[in-house]
Amino acid sequence: AQRVTQPEKLLSVFKGAPVELKCNYSYSGSPELFWYVQYSRQRLQLLLRHISRESIKGFTADLNKGETSFHLKKPFAQEEDSAMYYCALSSSGGSYIPTFGRGTSLIVHP
Amino acid sequence: KAGVTQTPRYLIKTRGQQVTLSCSPISGHRSVSWYQQTPGQGLQFLFEYFSETQRNKGNFPGRFSGRQFSNSRSEMNVSTLELGDSALYLCASSLEWANEKLFFGSGTQLSVL
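So the protein lines, in turn, are chains A and B.
Using my numbering, read the first sequence as starting at 1 and increasing by one per residue.
Using my numbering, read the second sequence as starting at 1001 and increasing by one per residue.
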């Protein structure tokens, strides 16, 4: 069965500090992994996908198949990064059964 | 381009009733997927529709059903409502596949009394 674990419900940092939001997954096949973000009073939106290998708003995430992790990182947190972050996994191909983590609330203090 | 529109924003129903939620995807998007979000279970996938056909389904009872129309608009129906169905129901659309970039609606907050 697919499973996504975000071990931290809340992560609190100061502006300028590095941020790492953890995501571990369990999946027997070849997964597709995503990070979604929800800013206050806004809709849930895609932040990045592992296959894109891009950096969005300074965030990056590397898929580590050995450790089954997809941690989200940013070297210098900004106050506007404060939001709820969800890690998600889906099977590849046409069978799309996504599994979301419970989310991590990131608070960046000034 | 207008975003994903969900109606209504709020619903209050009583146990045993049924409810229909509506989702209008972004123009040109053909895949519509539905999710249930609760504090206890988090965000869970209900089903996905493409070209008026249910393409994928999550692990929810048959009381939860949906359909998609030829213009890609989708509806979700929950019959015989239970207290545990109280949740935020989110709809998302994408061009072809639900594991592409998803665009989410604001959701419908359903309260079952």
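Simulated from the structure, these hints should not be mistaken for lab results.
One should not assume that every hint holds.
To be verified - For each label pair, taking beta carbons as the anchor points, the in silico distance ranges come out as:
no., chain 1, residue 1, chain 2, residue 2, range
1, B, S1079, A, Q2, 33 to 41 angstroms
2, B, L1088, A, K73, 36 to 44 angstroms
3, B, R1067, A, K15, 27 to 35 angstroms
4, A, E80, B, Q1109, 35 to 43 angstroms
5, B, K1057, A, I51, 30 to 38 angstroms
6, A, S26, B, K1057, 19 to 27 angstroms
What the hints assert, rightly or not - With a Cα cut of at most 27 angstroms, we get these calculated BS3-like pairs of lysine-lysine:
no., chain 1, residue 1, chain 2, residue 2
7, B, K1013, A, K65
8, B, K1013, B, K1057
9, B, K1057, B, K1101
10, A, K57, A, K73
11, A, K22, A, K57
12, A, K22, A, K65
13, A, K57, A, K9
14, A, K15, A, K65
15, B, K1101, A, K22
16, A, K73, B, K1057
17, A, K9, A, K65
18, A, K15, A, K73
19, A, K57, B, K1057
20, B, K1013, A, K9
21, A, K73, A, K9
Since the model is a prediction, treat every value here as computed from it, not as a measurement.
For every residue, glycine included, the Cβ atom is placed at its ideal position computed from N, Cα and C.
Exercise. For this structure, which hints from the list above don't hold up?
Worked result: 1, 2, 3, 4, 5, 7, 14, 16, 19 and 20
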